[in-house]
Amino acid sequence: MKYVYGILKAAQAKPEYRPVAFADPGGRFEVIVNGDLMAVVSDSTIADFADLPRGDLLRYLTLHQRAVEALMNGAIVLPVKFGTVLADADQVKTVLSLGYGDLVRIMETVGQRSEVDVAVTWEPTRLFGEIAQEPEVAALKAQVLALPAEQALQGQIAVGRLVKERFDTRRNQLRDELVARITPCAARWRLNPVMDDSMVMNVACLVNTAEETALEDRVYELDEQHDDQLHFRLVGPLPPYSFATVDVRVVRREDVERACALLDLPDDAPGGALGAGTPEQVKQAYYRQARRYHPDAIGDDPAARSQFVRLTAAYRLMTEIALRVPAGSLASNGAPHILVRVGGPEG
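So the mapping is simple: this note's numbering equals the position in the sequence shown, first residue as 1, plus 5.
Derived by calculation from the structure, the hints in this document are not laboratory data.
Each statement offered as a hint is correct.
Calculated pairs, BS3-like style, for lysine-lysine (alpha carbon to alpha carbon, straight line, at most 25 Å): (1) 14 x 86; (2) 86 x 7; (3) 98 x 14; (4) 7 x 98; (5) 86 x 98.
Produce the entire structure from the sequences given, and follow the hints as far as they go.
Spelled out as structure tokens, the structure:
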């Protein structure tokens, strides 16, 4: 099996890459060329990284990022999604062929730019304390204190919800102000999710050398203006993870059969192929099934929550197939179909 790290122009190939202690400890990068593109890979004994314990998964993720970053060194690198394992060199060449148009287009768009992430954090307890003193919040808290014990819990939930809404509104306003100051320094930008209440924002910026310098100057300026109220952190330069990650999915007939069964989609295509239906048909099938297992309807039921996660994964797979796989491609001979998508985390 071949673990895939990144895709580059074949003209950037080097006779020998630095050792990589990853899926094949002590091994080296291997270059697989197809036309004017190449994939950098190494042998792997791990077929599915999702099955690893969390500690091992994080360790391999760190090693993956180090390996991809080692490939930059003046080259245009499209990082491949962490955990991508293909059967052999022929399957890697198929990816380069199927995705050629999108891969080249994204390489031209990215050019010599790299990603720099700007993370902004604060001390949330200070803001929560301020919000708790606001008249509307204080009045609601006073009403809850006067409630009988059996009604107090719902009242406390209402107070908590109101405080969180005010908190998120204040945070979003500040985030928008910071984004407006920071992003003019970047060719492209993307907001990434915040991990918890201590984070104001996490924005990925695609920049060249001159833009990176301007971005650093702007962040230092903002840091001085906000004194100790906000804490700014720059991470980079990085490969363009947020803008040009290559997502490869090997779709097997059994995967589609399982998804069709979950969504109650019929197997009615001619020639033994699976009929995914149109994207709208897939969506309606998903809505019918998801209503039965949605956490808002079921509550804290672990089995229902797991089924909802499986339904959502099946919906995403079948939607992508309906949009991108030619009718009849998933035939009864069991041959897999490879989907190649290039873009950020959300596509």
